[in-house]
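*Asks:* As given, the protein sequences belong to chains Y and H, one line each in that order.
All residue numbers for the first sequence refer to the UniProt record's numbering, where the first residue is 1 and numbers rise by one.
All residue numbers for the second sequence refer to the UniProt record's numbering, where the first residue is 1 and numbers rise by one.
To be clear, the hints were calculated from the coordinates, so they are not data collected in a lab.
None of the values given here were measured: they were computed from a predicted structure.
You may find that some hints are simply not true.
[To be verified] Straight-line Cα separation of at most 25 Å, SDA-like style, residue types lysine to any residue; simulated pairs:
(1) H:Lys970 - Y:Ile329
(2) H:Lys970 - Y:Ala45
(3) H:Lys821 - Y:Asp14
(4) H:Lys969 - Y:Ile329
(5) H:Lys969 - Y:Val323
(6) H:Lys970 - Y:Pro37
(7) Y:Lys61 - Y:Tyr97
[Unchecked claim] What follows is a set of in silico ranges between Cβ atoms, one per label pair, in the way DEER data are often shown:
(8) H:Ile842 - Y:Gly297: 35 to 45 Å
(9) H:Arg213 - Y:Asp239: 34 to 44 Å
(10) Y:Thr16 - H:Phe222: 53 to 63 Å
(11) H:Ser598 - Y:Thr19: 56 to 66 Å
(12) H:Gly913 - Y:Ala45: 23 to 33 Å
[Said to hold, decoys possible] Examples of chain H residues toward chain Y, derived with CB under 10 Å:
(13) Thr590
(14) Tyr902
(15) Leu964
From the three backbone atoms N, C-alpha and C, an ideal C-beta is built for every residue, glycine too.
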Amino acid sequence: MTWSATARGAHQPDNTAFTQQRLPAWQPLLSASIALPLFFCAGLAFIGLGLGLYYSSNGIKELEYDYTGDSGTGNCSVCAAAGQGRAPPPPCSCAWYFSLPELFQGPVYLYYELTNFYQNNRRYSVSRDDAQLSGLPSALRHPVNECAPYQLSAAGLPIAPCGAIANSLFNDSFSLWHQRLPGGLYVEVPLDRSGIAWWTDYHVKFRNPPLVNGSLALAFQGTAPPPNWRRPVYELSPDPNNTGFINQDFVVWMRTAALPTFRKLYARIRQGNYSAGLPRGAYRVNITYNYPVRAFGGHKLLIFSSISWMGGKNPFLGIAYLVVGSLCILTGFVMLIVYIRYQDQDDDYEE
Amino acid sequence: MNQCPVHFIQHGKLVRKQSRKLRVGDIVMVKEDETFPCDLIFLSSNRGDGTCHVTTASLDGESSHKTHYAVQDTKGFHTEEDIGGLHATIECEQPQPDLYKFVGRINVYSDLNDPVVRPLGSENLLLRGATLKNTEKIFGVAIYTGMETKMALNYQSKSQKRSAVEKSMNAFLIVYLCILISKALINTVLKYVWQSEPFRDEPWYNQKTESERQRNLFLRAFTDFLAFMVLFNYIIPVSMYVTVEMQKFLGSYFITWDEDMFDEETGEGPLVNTSDLNEELGQVEYIFTDKTGTLTENNMEFKECCIEGHVYVPHVICNGQVLPESSGIDMIDSSPSVNGREREELFFRALCLCHTVQVKDNDSVDGPRKSPDGGASCVYISSSPDEVALVEGVQRLGFTYLRLKDNYMELLNRENHVERFELLEILSFDSVRRRMSVIVKSATGEIYLFCKGADSSIFPRVIEGKVDQIRARVERNAVEGLRTLCVAYKRLIQEEYEGICKLLQAAKVALQDREKKLAEAYEQIEKDLILLGATAVEDRLQEKAADTIEALQKAGIKVWVLTGDKMETAAATCYACKLFRRNTQLLELTTKRIEEQSLHDVLFELSKTVLRHSGSLTRDNFSGLSADMQDYGLIIDGAALSLIMKPREDGSSSNYRELFLEICRSCSAVLCCRMAPLQKAQIVKLIKFSKEHPITLAVGDGANDVSMILEAHVGIGVIGKEGRQAARNSDYAIPKFKHLKKMLLVHGHFYYIRISELVQYFFYKNVCFIFPQFLYQFFCGFSQQTLYDTAYLTLYNISFTSLPILLYSLMEQHIGIDVLKRDPTLYRDVAKNALLRWRVFIYWTLLGLFDALVFFFGAYFMFENTTVTSNGQIFGNWTFGTLVFTVMVFTVTLKLALDTHYWTWINHFVIWGSLLFYVVFSLLWGGVIWPFLNYQRMYYVFIQMLSSGPAWLAIVLLVTISLLPDVLKKVLCRQLWPTATERVQRGVKHKAPVQAAQSSDGPLLKDLLRQPRRS
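I would like the entire structure built from these sequences, with the hints used as guidance.
*Replies:* Structure, rendered in structure tokens:
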């Protein structure tokens, strides 16, 4: 880059603060005298925050159960053994019994957790068609190529919803039963299956294709369900607001997880007697065991968790704040010592 | 340059042509004050004696007039027709760059006789680039043209210059390239190791297509490798190169805008011919400066004379102009006695008579050497500018030299009477004797010998006079850098004179050893003198030249003077500009000494002298300047240099060179005189490629400096009187030498810290950017999944983090301009590429790695097995990436904010603005379903993230953790091992009021600060 300013000629340069590099400026200096109070203040603030977070996290209860069915771990092992090596595995159901000695403070959320499941694998996570899921009729008939090999069915029909994510939709289902008195009757605890997906996903991003003659089934005519599915997409739920692409389970599943071990929200318990939480007593979870995870060495877990303002149980944030806060104080002291000792040296030097 | 018109002689006619049509053998006519278009053999001039005067200022920097002689047999051809009829052939050697050597011969054919053969020497050669002076016109025949001229051979081809910063940048880049490749390799290998379990390679939920399965394993592996390369390629900061170019281009405007570097007199400001070397200005270790026209004004000025211990100062100089009313004398001492008055007049007469000045009657305005009283309007011309200055000075003291007419010298004395002296003999000047004499006969018949010369050659021959007083004065003047000459006389009686005549005659006619015999004769004649006094002449230094050199030396820069000029002249200038000090011990490595001893012995002796002290010589501050340290200055001349540079037969060529370099390194100042242009470049090259590879800067104003300007790392042209050759070929041009100080100490320093931060920061922020991606591969099955959305990937370097660093690299001032100017030692803080050393680079890279680890694992632990929203909903992988990205953008921007010392409103605007822009962009990018995208993965991701309290807390926490080590390092380093810069910063901060009261030329701030602190 060669250039010359001769064109400026013999004119005197502009005398502005900018051209003379003399703009008024604030010139802060990161010296110990500023940093010390900063460190102490930050340290104290962090420790305070950390304590709050820690206790807040500790107040959250979690109850989890691995129902993968490794041999000898409860009655789901039967299902696991039955489904071994068969795709799709035969329908099977098992149960998990537990009892609560005291009230499980609500609101209680029911999650399922999968491990060793790479939803974040690139090939997997691109295997979807957002245009199709937004209800675009043309995309419904012509899924994008990323969906391959779940783009077209063996018959050549477009798959709706296409792609590996949709095809691998989690299809275990759970129901919770409560036995108030020992030996008493199990009463089904109502599970609120709505509101488990992001509001925007459910209301904006995922749309069913326009109804044909008022029927969703007709709208999906000419498409094939994903190969692993037992039911077509428009029969996911009898509720017209929860079927098709806007089925909440489906929407939740389609938000791919960041890490190979992940949880997804299954239901909220907040209705009737259970709005304050799960009262003490014996419980049974009926599990429809469909989803094969042992093929890839994964596990399936069920989790009951209460939620606070900061979400689920996560001691990390509190501990991290505490550690960083104490580190700040510690280094503050170290620096104070250095500062005081150095100050003497400095005076010596300056003499 | 190829278009300028030249007068040719063709068939006896004068023709004007463009100079590019010039061919060897053409006869050219050159008029007064024209420059020779090519190397010419001088055929004839309009002067009867076949001489002409030229000035070679643009070739070797000597502005004095030199006499050249026409070929004997052709000097009679005065007209175009005559010349047209000339029939001759010339044989000459192949073109070679030595300006002072030429061998050839001419055969002149005439119709009648046999051809006449004449030898041709350099006195017959007129060099291209020299200017004809004081001669109306000459004819010459072109022998070397175009690129074969000696001037062109002394040119250096212009090569691409790259700065040290750029070199480190490229080295860093190679490191990063290796990191990139190894990252991709590691991931590819791990991917296939990991995938060796089939359920991982192709679990039931993630089947491959048939064509993917069919693909060859090695092809797949290679594609994967490439995919990883693409994924991690952002670690190579391509945008850095764009930003660096922009920074250099825009930044160089600050030089051209600088008011302090604008010269009101000439109306010239600094020029920037290349913006590639801005930061190199902050790295200079050696400065090679031309003398004439660069350090000096090239303008001799008579300063004072000392007669018998009384000092006379002619009224002088106001802004370089001699005041016209200054005919009187300022007497410093009391008025002398009558006897003294006689001596005084004798002294003035001596000065008027003892010289070889020619007088040119000239009514037209010509050159700077016009006599002060406009009426006489005569111009003195001499091969020695000192003589002119002396004659002019005496004129101001009342005695005017009028002319030499019929061997009578006429002068006008104070009473306006013309005195005539018969010139009997001239014992001309030579550099061994270092004196000259004239023998004159006054009107009254008295015969005088006046002798003028260097003090060292006069004092031993003096038998009478106030030697001690004059010697003291001379020494004082020499230290001040004035060029001193002593004047002595002797009255001869007729017999003595006749004896002298005989002696001289005998020597002059001797056929063998004429030189030697003449010297012996002179030796005999010039003795038993009576000392009259001494004179002092100043080659006026450029304004603040000494101050500039002093500042540069304090800044740890070694200043070398390279000049084509004589040793004495150059040495005097060096004293004047404080390059040599009173206590500097001068070491001479000159032809004279080498003739006495062998080069080998001289070199070893010198190195012994120098190295004796090297034990105590530390590289600590001020070591070269402190009064108690022995300070060495080296003087070397061109011939000695070429001996050193010449490779020897026995193959130990580098031996002398190393020794010479060793000596040079121990000297605080080096003066190289009698340098040909190419030798100047050779010296620069020698230093440039010595083992420390120092950064060199050459500054000069003439065409003779072009080759060294081109050779040095940074070439600076002084926009001077001798044309704009140097300015055109330089990287930067400045109006005056003094501007070099601000150029290096302020602009260079700023540019360096700015660009080094720019480079390091760019690498740092790209490590921060890409390393989390690398880590993510371990959690996504090495599937090349990106952590961030495409928009973030694209815009990170382009918009989110680009402007703050660009503006930083344009605006940053870690210390104020005035402080930098006042305290040149601060320049040492950035010397040797201090901010781009490997240590610093590794620190930045480790910091980047640490920050990346914090971002990634911070987010990892946040997201592991839990929900972070109060409604229990779960975030996906894009929220994860967005959280990492948000923390990163904030950290990286705040890191720059921590490094910024100079917060103008622009910095505030850009730093906070770009953070705001990131937030607004993210809100917008996730807030709308973009119809042109075939995926909507970012929809509401950012907003959802912000709706979660822990995400906010995590952002604050992670940003703090990332910045903590850097803050800690900064504070501790500042406390425990403060650099000079940091001390001064602190000083400025604490003592701001003191500083405000300071004028910019005050003492060093550091000295000032100590006092108040004590109380």
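*Asks:* Are there hints from earlier that the structure breaks, and if so, what are their numbers?
*Replies:* 13
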